[in-house]
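Peer 1: Order-wise, the sequence lines are chains A and B. Numbered according to the working numbering, the first sequence spans residues 548 to 730. Numbered according to the working numbering, the second sequence spans residues 2 to 192.
Accuracy of the hints is not assured; some may be wrong.
To be verified - Some chain B residues judged to face chain A by a derived CB distance under 8 Å, without partners named: (1) I26; (2) Y34; (3) F65; (4) G67; (5) F71; (6) T73; (7) Q77; (8) I78; (9) L84; (10) V86; (11) S87; (12) E119; (13) W122; (14) M143; (15) K170; (16) M173.
Claimed, not checked - Estimated spans, in silico, between C-beta atoms of each pair: (17) K57(B) to M719(A): 50 to 58 Å; (18) L157(B) to G571(A): 30 to 38 Å; (19) D85(B) to D609(A): 26 to 34 Å; (20) T161(B) to V605(A): 21 to 29 Å; (21) L15(B) to G717(A): 36 to 44 Å; (22) E129(B) to L638(A): 37 to 45 Å; (23) P158(B) to E610(A): 54 to 62 Å; (24) Q77(B) to L655(A): 31 to 39 Å; (25) A171(B) to L639(A): 23 to 31 Å; (26) V159(B) to S647(A): 45 to 53 Å.
Said to hold, decoys possible - Just so you have them, the derived chain B footprint on chain A, three or more residues with Cβ under 8 Å: (27) 579-587; (28) 590-603.
Hint data in this document are derived by calculation from the structure and do not stem from the laboratory. Every residue gets a Cβ at the ideal spot worked out from N, C-alpha and C, and that includes glycine.
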Amino acid sequence: MNQHSHENCERYEATIATWFDADGPAQSERDALTAHMASCASCRESFELSSHMEAALVSRRDEVPAVDAFLPALAPAVARQAAPAHTHPRLLAAFRTLMSPAGISITLTMWVTLLALHFRAQISQVFVWTSSDRFSALGHDISNLLVSVARGDTLVLTGIYVALTVAVLGSMGAITLRYVRHS
Amino acid sequence: MPQPHDSELVARALRNDERAFRDLIQRHHTMAYAAVRAVLGDRDEVQDVMQTVYLKAYQGLAGFRGDARFSTWLYQIARREALDVSSKRRLETVDVTEVEIATDARHAPDVATHERSEREWIASALGELEDTYRTAIELRYMADKSYEEIAEIMDLPVGTVKTYVHRGKAEMKKILSRPTWRVGASNKSNA
C-alpha cells in the first residue's frame, strides 16, 4: 500500500512541477492531483511549498526598479554622441588625419627617413661594403646630401625623433584599441 | 498604434534619436536587470552595473550588426558586465545563521522583518542554484519572459530552457525543504 502510494506521489510530483505553467498539466491530471492531495499530506505539503515558492518568485517582479533610475546617467554620453562638436575641432581634425592610413604612411616614412639620417654613417658604410667603387661613390654622395639636409642642432633632431616616435606609437595604439572594441 | 520593431528603434537611435534609444532600453529593461541580478544577486553593485550596461549599449550600438536580436545582444552585455564585477569582488554568500535568526519562531517578526525574510528565503535558495538555472528562472519570473523569449535571449533551444527552469525549481524546493527553511515557511503560513 505504502509502495503504491509512493509511486503515485512521484507521479503527482511531476504534475505539481508544471502546475503553474500556462501549458501545464491537462485538466484531468489537475483533477487527479486534487483528489490525491485530499488523502496525501506529503503531496499537499509539496504543493503548498510550490505555491509559496511560485508566489515568492512572481513577487520578485516588484523588485525591478524603474528604468528612469538608470538612464539619467546616460544623458552626458547621449549629449556627447548626439552633438559631436569638439571644443578643439581643428585639433580633432588634425588627429583624425594623423589616424588615417595616409597619415600613418607619411608619418612612418618620415620616421624611417629620420632614422636613416641618424644612422647615415653606418648606411654609408653599407654602400661602401656592398657596392662597386661607382656605387660606393654614389653612397657617399647620398650620405653627404642627407648630412646637408640634416644640418642642424642635434637636440632639435632628437626632439623630432621623439615626437614622431610618440605619434607613430600613438597611432598604432589607437588603431589597436579601435579594432579591439569593434571585434 | 503598432509598436516599432527593435531594428527600427536601433536605426533611429543610430541617427542620434535619444528617445528611440530610451524606448529600446525601456522595452528590455526588466530582462537586462534580471540578467544582472542572476549574477550579482541583491548587491549594491547592481545599480552601477546597470548604468554601465546601458552606457556600453549606447556607445556600442554602432557595432550592433543585427544578425542577433537586440535583446540577445543587450543580454550579453549585461551578463558580461555583471560577471566582470562578480569576478572582481567575490560574491558574499548569505549567512544562513543570520537567516535562521530572522526566521526563528521565538522572534515575533513585524511586517518589515517578515517581508525581508521572505525575500531572503527565496533569494538564498536562488543563490544556491547553478548559474544557468538561476538565470533562466530570473528571466522567467523577474523579467516575466516566456520560454520562447528566454530561448532567444539566451540563444538556447526552448526545450533546454524549460529543463533549466524546472530543474532549478526542483532544486529550490529541495533547498527550501531543509529544516532551517521550514521554520521560515511555517512563519509565513502563520503570518
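Peer 1: A separate judgement is required for each hint: does it hold in the structure or not?
Peer 2: Outcome of the hint check:
Taking 8 Å as the C-beta contact cut-off toward chain A, the hint placing I26(B) at the interface holds, the least distance being around 6 Å. Look at Y34(B): its Cβ gets to within about 5 Å of chain A, closer than 8 Å, so that hint holds up. The interface hint given for F65(B) is violated, since its Cβ lies 11 Å from the closest Cβ of chain A, which is over the 8 Å cut-off. At its closest, the beta carbon of G67(B) sits 15 Å from a beta carbon of chain A; the interface hint therefore is violated under the 8 Å criterion.
The criterion of a C-beta within 8 Å of any C-beta in chain A is not met by F71(B), whose closest approach is roughly 15 Å, and the hint is violated. Interface restraint check: T73(B) against chain A, minimum CB-CB distance 18 Å, threshold 8 Å, status violated. Residue-level restraint check for Q77(B) is violated (minimum Cβ-Cβ distance to chain A is 14 Å; threshold 8 Å). Because the beta carbon of I78(B) sits about 13 Å from the nearest beta carbon in chain A, more than 8 Å, this interface hint is broken.
Contact between L84(B) and chain A, as hinted, is not supported at the beta carbon level, the nearest pair being about 18 Å apart and thus beyond 8 Å. Because the beta carbon of V86(B) sits about 15 Å from the nearest beta carbon in chain A, more than 8 Å, this interface hint is broken. With a cut of 8 Å, the hint placing S87(B) at the interface with chain A is violated, because the nearest CB-to-CB distance is about 19 Å. Because the closest C-beta pair between E119(B) and chain A is about 6 Å apart, less than 8 Å, the hint holds.
Taking 8 Å as the C-beta contact cut-off toward chain A, the hint placing W122(B) at the interface holds, the least distance being around 7 Å. Against a cut-off of 8 Å between C-beta atoms, the interface hint on M143(B) holds, since the closest Cβ of chain A lies about 5 Å away. With a least beta-carbon distance of about 7 Å to chain A, the hint placing K170(B) at the interface is held under the 8 Å criterion. For M173(B), the shortest C-beta to C-beta distance to chain A is roughly 6 Å, which falls under 8 Å, so the interface hint holds.
Restraint check, K57(B) to M719(A): a C-beta distance of roughly 25 Å breaks the suggested window 50 to 58 Å. Range check, L157(B) to G571(A): about 21 Å between beta-carbon atoms, so the 30 to 38 Å window is missed. Evaluation of the 26 to 34 Å hint for D85(B) and D609(A) yields a pass: the beta carbon distance comes to about 28 Å. Separated by about 23 Å at the C-beta atoms, T161(B) and V605(A) satisfy the suggested range of 21 to 29 Å.
Look at L15(B) against G717(A): about 28 Å separates their beta carbons, and that is not inside 36 to 44 Å. The supplied range of 37 to 45 Å is broken by E129(B) and L638(A), whose beta-carbon atoms lie about 56 Å from each other. At roughly 29 Å, the beta carbons of P158(B) and E610(A) sit outside the given window of 54 to 62 Å. For Q77(B) and L655(A), the Cβ-Cβ distance of about 37 Å falls inside the hinted range of 31 to 39 Å, so the restraint holds.
At about 59 Å, the CB distance of A171(B) to L639(A) disagrees with the hint of 23 to 31 Å. For the hinted restraint 45 to 53 Å between V159(B) and S647(A), the CB-CB distance of approximately 48 Å keeps it satisfied. Counting residues of the stretch 579-587 of chain A whose C-beta lies closer than 8 Å to any C-beta of chain B gives 0; at least three are required, and the coverage claim is violated. For the stretch 590-603 of chain A, the proposed coverage by chain B is satisfied: 7 residues have a C-beta within less than 8 Å of a C-beta in that chain, meeting the threshold of three.
The structure does not agree with the numbered hints 3, 4, 5, 6, 7, 8, 9, 10, 11, 17, 18, 21, 22, 23, 25 and 27 stated previously, though it agrees with the rest.
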